[in-house]
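2 protein chains.
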Amino acid sequence: MPSTAPQAGVLPHGFLDELLHHRLLIATGVAGVYGRSGEFEDTVERIDRAMAGIGAPDNPEVMRFPPVLNRAHFERSGYLKSFPHLAGTIHSFGGDEQAHRALLQAVDDGGSWDAGFPAAPIVLTPAACYPVYPALTGLLPEGGRMVDVMSYCFRHEPSNDPARMQMFRMHEHVRLGEAETVVSWRHRWVLRAESFAAALGLEAERQVATDPFFGRGGKLLAVNQRDQGLKLEIVVPIASTNAPTAIISLNYHQDHFAELFDIRTADGGIAHTACVGFGLERIALAVYRRHGLARAEWPSSVRGTLGL
Amino acid sequence: MPSTAPQAGVLPHGFLDELLHHRLLIATGVAGVYGRSGEFEDTVERIDRAMAGIGAPDNPEVMRFPPVLNRAHFERSGYLKSFPHLAGTIHSFGGDEQAHRALLQAVDDGGSWDAGFPAAPIVLTPAACYPVYPALTGLLPEGGRMVDVMSYCFRHEPSNDPARMQMFRMHEHVRLGEAETVVSWRHRWVLRAESFAAALGLEAERQVATDPFFGRGGKLLAVNQRDQGLKLEIVVPIASTNAPTAIISLNYHQDHFAELFDIRTADGGIAHTACVGFGLERIALAVYRRHGLARAEWPSSVRGTLGL
Numbered sequence: 001m002p003s004t005a006p007q008a009g010v011l012p013h014g015f016l017d018e019l020l021h022h023r024l025l026i027a028t029g030v031a032g033v034y035g036r037s038g039e040f041e042d043t044v045e046r047i048d049r050a051m052a053g054i055g056a057p058d059n060p061e062v063m064r065f066p067p068v069l070n071r072a073h074f075e076r077s078g079y080l081k082s083f084p085h086l087a088g089t090i091h092s093f094g095g096d097e098q099a100h101r102a103l104l105q106a107v108d109d110g111g112s113w114d115a116g117f118p119a120a121p122i123v124l125t126p127a128a129c130y131p132v133y134p135a136l137t138g139l140l141p142e143g144g145r146m147v148d149v150m151s152y153c154f155r156h157e158p159s160n161d162p163a164r165m166q167m168f169r170m171h172e173h174v175r176l177g178e179a180e181t182v183v184s185w186r187h188r189w190v191l192r193a194e195s196f197a198a199a200l201g202l203e204a205e206r207q208v209a210t211d212p213f214f215g216r217g218g219k220l221l222a223v224n225q226r227d228q229g230l231k232l233e234i235v236v237p238i239a240s241t242n243a244p245t246a247i248i249s250l251n252y253h254q255d256h257f258a259e260l261f262d263i264r265t266a267d268g269g270i271a272h273t274a275c276v277g278f279g280l281e282r283i284a285l286a287v288y289r290r291h292g293l294a295r296a297e298w299p300s301s302v303r304g305t306l307g308l
Numbered sequence: 309m310p311s312t313a314p315q316a317g318v319l320p321h322g323f324l325d326e327l328l329h330h331r332l333l334i335a336t337g338v339a340g341v342y343g344r345s346g347e348f349e350d351t352v353e354r355i356d357r358a359m360a361g362i363g364a365p366d367n368p369e370v371m372r373f374p375p376v377l378n379r380a381h382f383e384r385s386g387y388l389k390s391f392p393h394l395a396g397t398i399h400s401f402g403g404d405e406q407a408h409r410a411l412l413q414a415v416d417d418g419g420s421w422d423a424g425f426p427a428a429p430i431v432l433t434p435a436a437c438y439p440v441y442p443a444l445t446g447l448l449p450e451g452g453r454m455v456d457v458m459s460y461c462f463r464h465e466p467s468n469d470p471a472r473m474q475m476f477r478m479h480e481h482v483r484l485g486e487a488e489t490v491v492s493w494r495h496r497w498v499l500r501a502e503s504f505a506a507a508l509g510l511e512a513e514r515q516v517a518t519d520p521f522f523g524r525g526g527k528l529l530a531v532n533q534r535d536q537g538l539k540l541e542i543v544v545p546i547a548s549t550n551a552p553t554a555i556i557s558l559n560y561h562q563d564h565f566a567e568l569f570d571i572r573t574a575d576g577g578i579a580h581t582a583c584v585g586f587g588l589e590r591i592a593l594a595v596y597r598r599h600g601l602a603r604a605e606w607p608s609s610v611r612g613t614l615g616l
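For the record, the sequence lines run as chains A and B. This note's numbering applies: residue 1 is where the first sequence begins, and numbers increase by one. This note's numbering applies: residue 309 is where the second sequence begins, and numbers increase by one.
Chain A on its own, in the form it takes in the complex (with noise of 0.2 Å):
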């Protein structure tokens, strides 16, 4: 999961202006959330197949999930603990005739209507990974699975700047086996990764980081992280420079998710699983700032590498 960490040194809103006056990027007014124009989606296809080809040769299965997970999945998953602040529940009517002229007397007063939206039994997909460790509750095959994964995220973090929005895309890969063959699976990505940055002519670098852990006591949780460089990210200058936005994250989640979610090794003990996550747009994004938003300019090498 990338960073969310505040930004020191970010530029005042004129990336997400150029973005909005080329029409890459829609305005919805609401920040964080933006429509694509038919060129930005095409960028990110283009990325998204690029990435897949990289993990083509491993093989992995692949599974789709709409961006909605499981509420008892999603409490058991611990993410409330760490980051309720990101969190994101799913709410429906469940009220009668009179309910409903009710709602909309709410509406039209322009006041508050959620009284009659108790919660579904559905959240938005903190990150593309989460639905695939309650999918795989039991015993892993001999020499573990490997997931390719992409789904829509959702993160409550309203924000200008434009690589930090509300809904986005990532593309992981999740590797569930025995701890040495899980760290060594995330050693090859890692150099996957810095391949694939380069390719793309970004100016990246490889970083030990955190996860964005809410209050107090995720300080603690924050430390323990880093030392034990569970958490690696590719970053890359996006809306600052100073402060490099992660496009890559490389996670080691020890036996956390498969303790949780019964997932378990073919000779019966706990695996270990780790997982690699792209951010599609924000790949996207770094390409538009590096090489400028008129795409029949980039480098040949660039446009190249993303079949243009």
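For the record, the hints were derived by calculation from the structure and aren't laboratory data. Check the hints yourself; a few may be wrong.
What the hints assert, rightly or not - If you want a taste of the chain B side facing chain A, the calculated C-beta under 7 Å gives, among others:
| # | residue |
| --- | --- |
| 1 | L333 |
| 2 | T336 |
| 3 | G337 |
| 4 | G346 |
Unchecked claim - Simulated restraints on C-beta separations:
| # | chain 1 | residue 1 | chain 2 | residue 2 | range |
| --- | --- | --- | --- | --- | --- |
| 5 | B | R524 | A | E18 | 30 to 38 Å |
| 6 | B | G346 | A | A199 | 46 to 54 Å |
| 7 | B | D575 | A | Q207 | 52 to 60 Å |
| 8 | A | A199 | B | N532 | 51 to 59 Å |
| 9 | A | L308 | B | P449 | 24 to 32 Å |
| 10 | A | L308 | B | A380 | 32 to 40 Å |
| 11 | B | V498 | A | E205 | 26 to 34 Å |
| 12 | A | G94 | B | T549 | 30 to 38 Å |
| 13 | A | G94 | B | G322 | 28 to 36 Å |
We put the CB at the ideal spot given by N, CA and C, even for glycine.
Model the placement of chain B on the given structure of chain A, informed by the hints.
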């Protein structure tokens, strides 16, 4: 918007069980929310490309939105008046560390934890075209506009009918302009939609249909909609042969959306709009239902249409 009337003669979950057993869909523990296997997703994408090919000669403007809508635009759209029971609102945590402790205690106790989650300024997208109208407030160019839009959509209708998903993708073309332009455009798409269904070997029928309006007042709206032929559907057997399911919906909105979002023709009058929506998962399910779960054995004409 495909109809959501109760289904007579629904097969007792047989088709859903088959799809899960063959791992084309993946259970999540929530009715109407499924993961998709690599093959199912590939079939959906091939249907999407074939459908895009039909509209390509029109050279529509492509827009893509994440599956959420500005809550103010949602209020203005009138959706809550007609379809409150299908809506999904998004809520997020706004509390401090004390509220966080109370939240975690409620989760631990297995209780309700909605209280800490007030409404966020976004809702789930009910139909792919909803974000398009607020983005086009103002004057249309001479001849109007055509927009190609696709996204995941939400309908709160938990069901064991696999064709009645709560989260599914809808690919739409939208026409905005003079009434006559819009009406003749919809007629052209009726013919295209019928050819498309035939190319997939589906036993499709065209119907004058109605939206699933809420409550007793909704019955009148439905009668009016049917009398004016505002909603046409291409229906095929999926979960039931008695009550076939809409896979494509062609809707003439008259000046409903243009009035609400102040979209005007080049001469300053209120525009008219229409949309044609292809339910991508429903079309895929219809093809699996018609030709069997072994994709390699589908008729060569169908495989040809999908580039298989």
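How the hints compare with the structure:
Annotation: interface hint on B:L333 violated; nearest CB of chain A at approximately 11 Å, more than 7 Å. Of the supplied interface hints, the one on B:T336 holds, with its beta-carbon coming within about 5 Å of a beta-carbon of chain A, less than 7 Å. With 7 Å as the threshold, the beta carbon of B:G337 comes within range of chain A, its nearest partner Cβ sitting at about 5 Å, so the hint holds. Taken as an interface hint, B:G346 checks out: its beta carbon lies about 3 Å from the nearest beta carbon of chain A, inside 7 Å.
As the Cβ distance of B:R524 to A:E18 is approximately 52 Å, the hint placing it in 30 to 38 Å is violated. Distance hint check: the CB atoms of B:G346 and A:A199 are about 25 Å apart, inconsistent with the given range 46 to 54 Å. Range check, B:D575 to A:Q207: Cβ separation about 57 Å, and the 52 to 60 Å hint holds. Separation of A:A199 from B:N532 is about 58 Å and conforms to the stated range, judged on CB atoms against 51 to 59 Å.
Range check, A:L308 to B:P449: about 28 Å between beta-carbon atoms, so the 24 to 32 Å window is met. Range check, A:L308 to B:A380: about 38 Å between beta-carbon atoms, so the 32 to 40 Å window is met. A beta carbon spacing of about 55 Å between B:V498 and A:E205 contradicts the range 26 to 34 Å that was offered as a hint. One distance hint, 30 to 38 Å for the beta-carbon pair A:G94 and B:T549, holds here, with the actual separation near 32 Å.
Between A:G94 and B:G322, the C-beta spacing of about 29 Å keeps the proposed range 28 to 36 Å intact.
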